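Chains as they are written, first to last, in my numbering: chain G, 1 to 116; chain D, 1 to 323; chain H, 1 to 212; chain Z, 1 to 638; chain S, 1 to 147.
Since the hints were derived computationally from the structure, they do not count as laboratory data.
There are no misleading hints in this set.
The list that follows gives simulated cross-link-like pairs (lysine to aspartate or glutamate, EDC-like), each with its CA atoms no further than 20 Å apart:
#: 1; chain 1: S; residue 1: K66; chain 2: Z; residue 2: E582
#: 2; chain 1: D; residue 1: K239; chain 2: S; residue 2: E81
#: 3; chain 1: Z; residue 1: K380; chain 2: Z; residue 2: D370
#: 4; chain 1: G; residue 1: K23; chain 2: Z; residue 2: D618
#: 5; chain 1: G; residue 1: K28; chain 2: Z; residue 2: D618
#: 6; chain 1: H; residue 1: K109; chain 2: S; residue 2: E141
Every beta carbon over 10 Å from chain S, so not counted as near; a handful from chain D, in silico:
#: 7; residue: A165
#: 8; residue: H211
#: 9; residue: G279
#: 10; residue: E298
#: 11; residue: K302
Between beta-carbon pairs, the in silico distance windows are:
#: 12; chain 1: H; residue 1: E111; chain 2: S; residue 2: L73; range: 23 to 31 Å
#: 13; chain 1: Z; residue 1: E582; chain 2: H; residue 2: E111; range: 31 to 39 Å
#: 14; chain 1: S; residue 1: K3; chain 2: Z; residue 2: S563; range: 16 to 24 Å
#: 15; chain 1: Z; residue 1: I636; chain 2: G; residue 2: D107; range: 36 to 44 Å
#: 16; chain 1: Z; residue 1: L632; chain 2: G; residue 2: D107; range: 30 to 38 Å
#: 17; chain 1: G; residue 1: Y18; chain 2: Z; residue 2: N58; range: 49 to 57 Å
#: 18; chain 1: S; residue 1: G100; chain 2: Z; residue 2: E461; range: 41 to 49 Å
#: 19; chain 1: H; residue 1: E111; chain 2: Z; residue 2: S563; range: 27 to 35 Å
Just so it is clear, the structure is predicted and the values come from calculations on it, not from any experiment.
Every residue gets a Cβ at the ideal spot worked out from N, C-alpha and C, and that includes glycine.
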Amino acid sequence: MILLNYIAAFFLIALGMYTIVTKYNLVKTVIGLSIADYGVNLLLISIGFNPGGTAPIFTWSELDYNSFFVDPVPQALTLTSIVIGACVTAMSLALVIKLEEQYGTIDTRKIRRLRG
Amino acid sequence: MTVILEALRYLGYVLVFPGFLFCFLAGMLLCGIDRKLVAKMQKRVGPPILQPFYDFFKLCGKETIVPAAAERISFMLAPLLGLAALVVIQLFIPVFSFTAFYGMADIIVILYLLLIPAISIIMGGAASGSPYAGVGLSREMVTIISCELPLVLVLLAVAKTVGSAMGTGLCFSLSDIAEYQEINGSLITRISMLPAAAAMLLVIPGETGSHPFDTAEAETEICEGLLAEYSGAALGVFKLSHAVKMLTLSSLFAALFLGGLGTGILVLDALLLFLLCAGITAVSISLVHAVTARLKIEQIFKFYWTVVSLPALLSLVLAWYGL
Amino acid sequence: MDFPFIKEAISQLFSKSSCAMYPAVPSEAAPGYRGRIVYHPELCIACGMCERVCSGNAISRSVEHLEDGRDKITLTFNLGSCTFCATCADFCTKHAIEFTGDYHMVATKEEDLLVRGSFIKAAPKKKAPAAAKPENCSAQVQTEASGVKPREDGKPVNDQSRCVYCTLCAKKCPAEALTVDRTAKTWTLDEDKCVSCGTCAQVCPKNCIIMG
Amino acid sequence: MNLLGNVLSYQHFPIYAIMVLFMGSFLIAAFGENRRVRNILALLSITASLIFSLLLINPVILRGEIIGYWMGARSIAGGYAIGIALEVDALSLFFALLAACAIFVSGVYSIQYMSRDDNEKEYYTLYLLLCGGVMGMVLSGDLFNMFIMVEILTFAAVALTAFRNTARGAVEAAFKYLVVGCMGSTFILVGTAMLYAQTHTLNLAQLAQLVPGNMNTATKAAFALLFVGFGTKAFIVPFHPLAADAHGAAPASVSVIISGVLTKSGIYGIIRITYFLFQSMGLGTMQFLLVFIGSVSMFVCVTMALAQHDFKRLLAFHSISQIGYVLTAVGLCTALGLSAGLYHAINHTLFKGLLFLAAGAVLHETGTTDLNKLGGLARKMPHTTVLFLIGALSISGVPPFNGFASKWLIYQATYQKAVESGNIGFLLVTVIALITSVLTLASFVKVSHSVFFGQLPPELEKVKEVSWGMRFAMGIFALLCIVTGLFPNLVTTYLTEPAAAAAFSVQRYIEAMGFDGSAAVEILAGSFRYAGVWEPVSWLLVLCIALLAVTIAALAGRYDNVSLCRTAAGDSKYQLFYGGEEQSFSQLGGDDMFWGFKHNWRGYFSFMHRLHSGIVNDYALWAVADLALVMLFSLIVL
Amino acid sequence: MFKKLIEESTGRSPWLFHINAGSCNGCDIELVSVLTPRYDAERLGFKLAGSPRHADIVVVTGPVTKQSLPRVLRTISQVPEPRCIVTMGSCPQSGNVFRGSYSVAGPLSKYVPVDVDVAGCAPKPEAVIDGLALAAKILKEKRGRMK
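One chain only, chain G, in its complex shape (with noise of 0.2 Å):
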């Protein structure tokens, strides 16, 4: 069970960066970019994940050492991913359309003038 969510990180990480060296239009690499930053959230959430685990929410009298609940680092690890996954979605549109007006193309074979 845990082991299909690895794989199916892994997998979305892959098929990222797949997508953002294979494809020539902008934004399909911002979407490259955010199935790579799904895959690192699934990731992140797995790792923290115990079967059987309860939510890791506990008042101080609650907690002792017989508590079994999910590692919550990870959570929070993860919750901060999200958010800097949105960032860099939102940057990078932005930063297309800025593409889009300058150069007339999204198609990144024409965004070339830095080279060499």
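Starting from the known structure of chain G, fit chains D, H, Z and S onto it as the hints suggest.
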């Protein structure tokens, strides 16, 4: 009192013996000998040995024109800086067992210090604003790049040889190299050092910008290149620098490969050094000058990175395996 | 990359130089070298041929009328304008111009490069006034009388008594109808070729060709 | 009183140094409408950050303490670190100081440099965010925090790259940087996640305690991911085209931070993971990896720079070339090598900052950085020229400037490593380093000729010197360049050697945070002695005496009696010699200057030109390929 | 004494700059032959400089065509003092066979004071050496007159 005497002694080093006076006289004489020998090899009579002195003093008496387009301060300061830097290098190169300034610079430093005169001439040429100087500085720089690889290999080979013999692994200090040769005889007697010495002999004309590697100052193609706008005393100082550079490089060769011949008496040593330098100049500058025609700049690069670098590399590999 | 000539270079180091040590050791110009012009005014007849043929305009003639009626004729050869082609010497019938082997033609002033020579020539005989001396008159008449008559077919005729055989007429003849032999002193006209253009009469320095 | 003493205890200074920058950023975003308020806020926060960093020198570097600081006083529970920690050892502080200095100078420069742009408020917000990110990253004691800070600085850097979005290629550069930079961040995050999965901690000290004894496929893969991720931040090969794009397009003051500080934070990350987390630097193969990448960066970037004709783009390539030096020296894993590498890191920040600021000054006054359109500015901008020359000579390693001092150590370090390990490959590195240095000189000769010397194009006749504030900022860098060049012993004794020693004492690093460091793999730094001698002060003294003697002799010989053009222009005597032609403008093309060199290597250069295609997919492919190779390598050798 | 030294050296190390003002190349070849091993002017200190800034003696050949006149004058003005102008061959002195041509602006002496004329078409190398030696002497005198 002793402090003042010490200071005077060092001032004497700077001004008289390995310093200015010696550099001026010996460098100019070397230059004269070189011109005479080249003429002889071409079946000419050649100029008098003192010709460089005449040239220098004549240039001192000429009008120095600063073009309106030139950056005046750099233009006038560059020759002086180059000359001073060269004389300082000469202070660090041991005259057999005698070193004027002990323990201040090693061969890597000297490799870089040798760049300063080149940079100063490039700066002066660039400051003149002449397009000929632009072409000249590009060629000068390529010549420097060309010479750098074989020179580095030669220096590393020497450092390794001396270092492994002294047990420290490697040795960059020129005084230590001189000391080692005092004890064990000249490095040139070792088989592994022979290719390096040959490479170094071919590096000398490139570094000094002598024929056939003088593309940067080609007078017929690019009107003396970097020096195109220089006249009068400033030009004279550059000519003097060129002469001193010949002395510096040949005495560097002597220090690296021909150490240990000294007698211990400073005057005799100085004379011996001068004679050795004359011999080195005769072989590396005059002979090469007499038998070749000026190379194209890309040929210079190719020549140094193949023909000259290979023996140096061979020497380094031999030294590495302790031969 | 190889270095040829190393052996030569080293062997020449110990051999004698091949320099001509010029200022110390004077050197002669090769035979036939055309150097500084020497002008012999005593031979000159001021025919002006040299001046005409000079391509560099180096020769100039000045005439100074002396008080006694004679002319002082000065020929100036400007070496600074000369191409040393020696055409003037070739044309000089009197051999008054000579090219020497002296090549030291160096000057700080233009003056120094001028070769001058002058001679005094009797004033040209003018048409005598009525009271002229009879013998002179007769001489004049004689020369004219001894001259040839113009031909009737319009072709040139040469007064060989005055001709100097300078060959200029032959050179200038567009139809190549004239042959002049300087040594045999003959002047022959190929009548078939002649076109009666009058060029020879025009160029003749001695004005001894008369057209019909 | 006690509270005040507590608040002012140096234990808190690291977080202050970070927070003042972020606070400044937020305050400017909120209240920065007024120009004066904005400038004061920005200056205050960067100055405060610098002061806090400087105050840490005494305890951390001189007394050798390691400050472990738990945020919110949450420390260790059940043997695991649960709080967010800052951990400041000499290495962290070294990089923080570097960052603080560069941030300060660049901030001072910005005030006048950016005055012609609109949206200054956004600029300072992003700028301080970038600086705070850098500070936070190098002082952090927590791997995930490092990732957050990396993301913040990447974001701010991308936004600042595109800041002048009307400039040629700025948005393009920003987009490329964003794509590949985010891929790098993703790698770091995945690596962090994998390490967390194996060790259940994010604290660097605890990771250093647990990871080396816990090497399996996942941690090895994590190593590769982290290495490549931080490599993206350091722009080492194969990420150098992004550096060229981003540095070239960003405003100069930002280029200083991106090139001088951001790349260093990448290097810092690499040092942290190789020396501390995985403690793998003792392995010859790991040394090979770093030295190989360093040497390739060094050489490829310097040759790429030779082919450039844009001032800032050229500087950007040089930047990575110098980072190659740093990485090579760091990869040697000897005390001398690490010290030399860190020394070069200082120097790189200083001279590259100076050069970027000079480029910015040129751009500010002339409106272009194209080498083929510039020339002869030395007469118009004399101070900038002198400052630029100091920077150029420093980066080319000309004595007595600082570049030489550190390069000299690097040559010795590589050669000594070669001799000690008996591996002739390191000798090749020495030779490459020396050749790279002279090629660097060549390209700066090109720049100084094409920009400051040479002929003045007619359209630049009205150019003026830049304002004093910008000159002051450049002057600070230039002064530091000279000082660090003249007193190498001070720098090595008080900065680089403590930092290098810190990198070799992993056990102390772990124990400072309260973990058991006895299992740490100690790498023996070994002692070293210099193989040569270099006394810059004495040399300079002798040179000055010699120069004085020459000058006196020259003046006695009426050397200064020159004939100058006193009349208005047009006297043919003072025109340049053009083969008799009338003087006209004819500038030498900047990008094809060293034809003799390039002709012999035309195959290489045209290959490189085709390789740097400018298509973002290619760069992404390089990143993935690099990751694959490094992962393969680390799976095999670790 | 220093001045004396400079004056003496000036006569012994004259450097030439050669301007072709429309010459037929005859004189140019002769000038080059002066530097060959046969005549070796270097033994007298002569050297062919590449730039007018280095030169002491300007050697002008050719009839000074209208095209070349401004270039010749500009180049001559760029030679630092003391300088000496030598016309070599007949052309620059008078125009020689090209005199009167629509394209000839010569002779040179109309525009600048000429110090030495070497006549000949083309002059023999010995004559060139003579001329240059004379120029060197004049140069020395000029140097002596300078402050």
